[in-house]
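Visitor: The residues making up each chain are set out below.
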Amino acid sequence: MQLPPSDIHPKLSSRARLQTDKVTGKPVLLYPEGVLMLNPTGHAIAQLCTGEVTFQEMVDKLAARYKKTSQEISPQVAEYLHRLRERNLLEMPGTTQ
Amino acid sequence: MNRPAPRPFSLLAEITHRCPLHCPYCSNPLELAAQAGELTTDEWRRVLNEAAELGVLHVGFSGGEPLQRSDLVQLVAAARAAGLYSNLITSSLGLSRRRIEELKRAGLDSIQVSFQSDEETLADRIAGTSAHANKLQAAQLVREFGFPLTMNVVLHRGNIGRLERIIALAETLGAERLELANTQYYGWAFKNRGTLLPSRSQIEHATQVASAAKQRLLGRMEVLFVVPDYYSDRPKPCMHGWGQKHLTVNPIGEVLPCPTAHEIKSMRFDIVREKSLAWIWRESDAFNRFRGTEWMPEPCHSCEFREMDFGGCRCQAALIAGDAAVTDPACQFSPNRQTLTEFVEASQKGTAPFSLDADGLTFRQNARKDDGAQ
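The listed protein sequences correspond, in order, to chains U and E.
The letter at position 61 of the first sequence is residue 61 when you use my numbering, and the numbering goes up by one with no holes.
The letter at position 143 of the second sequence is residue 143 when you use my numbering, and the numbering goes up by one with no holes.
It is worth saying that the hints were derived from the structure and are not from the lab.
One should not assume that every hint holds.
[Stated by the list, open to error] Covered stretches of chain E (in silico footprint by chain U; criterion: 3 or more residues with CB under 8 Å from a CB of chain U, positions within the stretch not fixed):
| id | region |
| --- | --- |
| 1 | 53 to 62 |
| 2 | 79 to 87 |
| 3 | 137 to 150 |
| 4 | 262 to 268 |
[As the list claims (entries may be wrong)] Now the in silico label distances, taken between C-beta atoms and shown as ranges:
| id | chain 1 | residue 1 | chain 2 | residue 2 | range |
| --- | --- | --- | --- | --- | --- |
| 5 | U | Pro40 | E | Gln215 | 30 to 36 Å |
| 6 | E | Ala133 | U | Pro40 | 46 to 52 Å |
| 7 | U | Pro40 | E | Arg125 | 53 to 59 Å |
| 8 | E | Glu119 | U | Ser14 | 26 to 32 Å |
| 9 | E | Val226 | U | Arg65 | 40 to 46 Å |
| 10 | E | Leu224 | U | Pro5 | 30 to 36 Å |
| 11 | U | Met37 | E | Gln365 | 40 to 46 Å |
| 12 | E | Glu144 | U | Lys11 | 17 to 23 Å |
| 13 | E | Thr121 | U | Ser14 | 31 to 37 Å |
| 14 | E | Thr41 | U | Pro40 | 37 to 43 Å |
| 15 | E | Phe343 | U | Met37 | 40 to 46 Å |
| 16 | U | Lys61 | E | Leu224 | 33 to 39 Å |
| 17 | E | Leu224 | U | Gln2 | 27 to 33 Å |
[As the list claims (entries may be wrong)] Not everything, but these chain U residues come out facing chain E in the computed CB check (under 7 Å):
| id | residue |
| --- | --- |
| 18 | Lys26 |
| 19 | Leu30 |
| 20 | Pro32 |
| 21 | Glu86 |
| 22 | Asn88 |
| 23 | Leu89 |
Glycine residues also receive a C-beta, built at the ideal position from the N, C-alpha and C atoms.
Whole structure, please, built from the sequences with the hints as guidance.
Guide: Shown next as structure tokens:
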């Protein structure tokens with residue numbers, strides 16, 4: 001997995017809505033005709049996709065939170081963002097698909 | 001059924017059967033509900049709240065044409081307040097700039113616009129009214145207001161040959177999702193299936209075109225195309241199982257396990273005016289009748305695919321085999337498959353070009369205003 005540029009600002013697409021599921025109390029990402037039930041890591045990543053935080057800052061924050069190094073987790077974060085992009089749920093201004 | 005009912009994820013709110021279009025492939029029932037019998041605003045609010053409590057996450061406002069209801073904005077606001085992700089499923093007739101502004105403010109999440117073709121003359125003939133130009137403008141409004149746009153095109157013998165151009169139109173309009181929906185033969189479409197069913201070579205070509213587009217547009221536009229079950233060996237996994245994930249509430253408040261369940265004439269559907277949505281979902285005869293696998297006859301009961309296709313479509317079994325409780329006749333293992341195959345083979349003979357004026361093509365008509373509730 002090629003990492004996105006470190007200064008890119010990932011942002012959840014306006015077609016996606018992050019909210020708490022009434023039944024399970026867990027986070028869900030809703031979009032047209034679909035839903036992703038997020039695990040804690042996915043939720044942590046999705047919450048950082050505000051368009052205000054760079055990829056590098058995102059990785060550093062998550063690394064601190066999960067007590068890992070940035071190098072260890074950056075491929076996983078990149079992979080997760082890639083999956084969101086494939087579903088057209090993430091904007092990465094300045095990159096091409 | 002002693003197992004607890006599963007959780008529903010989506011609600012189709014058919015808020016009216018009134019529609020300015022007359023498409024001959026409409027899957028609404030032949031006996032359309034009149035305005036007089038429609039649920040009120042407060043009744044729909046209750047339905048939306050109860051659906052959210054049950055676990056529903058998505059609501060589609062549909063019909064008929066949902067914009068025909070003057071309280072649509074209030075219903076969208078109620079859906080938003082209940083935490084539902086809402087989709088407006090519309091012909092776009094009646095979607096003015098003012099209306100779309102109001103819908104945006106009320107919290108509508110996405111919009112699906114139907115197109116009959118990529119080109120005005122054919123599109124308007126299929127719709128039975130002048131609509132195409134309006135749709136092009138409406139699609140631009142949808143994008144201007146930042147809504148995700150789904151373009152839905154019902155495919156049949158008359159437009160399936162134009163698939164490349166239909167996909168190109170979706171790209172031009174900036175659609176994020178394109179539903180290339182082969183006609184499903186229920187309601188008005190079943191009545192017209194002799195004229196509407198594409199030929200085998202049309203289906204094969206369309207399958208290739210759609211598959212190439214899906215690859216090419218990955219990450220930009222989601223392209224959906226499913227080979228129609230008349231041409232498939234396997235039945236469709238209808239609604240992902242009866243009473244498993246989905247419910248439909250029709251204009252008069254009947255709760256249906258699938259939008260075309262009215263085809264099962266022997267079945268009675270409970271009404272939200274009389275019972276709670278939770279009771280209907282969990283306890284009613286209609287929702288439990290075909291839930292799970294215990295109801296299945298052979299060849300479904302011992303079939304390795306039974307948890308994949310759930311025995312197929314109950315409505316099609318009722319329509320073709322005259323019994324909703326048998327294997328879907330689209331299935332290669334169904335003793336009734338021959339009926340469908342004979343119909344498909346008979347449809348190959350006709351080399352005559354598609355004619356919208358062909359004898360027997362019935363355009364949809366609305367219920368008369370003074371008709372009472374059914």
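Visitor: Hint by hint, note whether the structure agrees.
Guide: So, going through the hints one by one against the coordinates:
no.	hint	result
1	53 to 62	holds (count 4)
2	79 to 87	holds (count 3)
3	137 to 150	holds (count 3)
4	262 to 268	violated (count 0)
5	Pro40/U / Gln215/E: 30 to 36 Å	holds, 34 Å
6	Ala133/E / Pro40/U: 46 to 52 Å	holds, 50 Å
7	Pro40/U / Arg125/E: 53 to 59 Å	holds, 54 Å
8	Glu119/E / Ser14/U: 26 to 32 Å	holds, 31 Å
9	Val226/E / Arg65/U: 40 to 46 Å	holds, 42 Å
10	Leu224/E / Pro5/U: 30 to 36 Å	holds, 32 Å
11	Met37/U / Gln365/E: 40 to 46 Å	holds, 44 Å
12	Glu144/E / Lys11/U: 17 to 23 Å	holds, 20 Å
13	Thr121/E / Ser14/U: 31 to 37 Å	holds, 35 Å
14	Thr41/E / Pro40/U: 37 to 43 Å	holds, 40 Å
15	Phe343/E / Met37/U: 40 to 46 Å	holds, 42 Å
16	Lys61/U / Leu224/E: 33 to 39 Å	holds, 37 Å
17	Leu224/E / Gln2/U: 27 to 33 Å	holds, 29 Å
18	Lys26	violated, 12 Å
19	Leu30	holds, 4 Å
20	Pro32	holds, 4 Å
21	Glu86	holds, 5 Å
22	Asn88	holds, 6 Å
23	Leu89	violated, 10 Å
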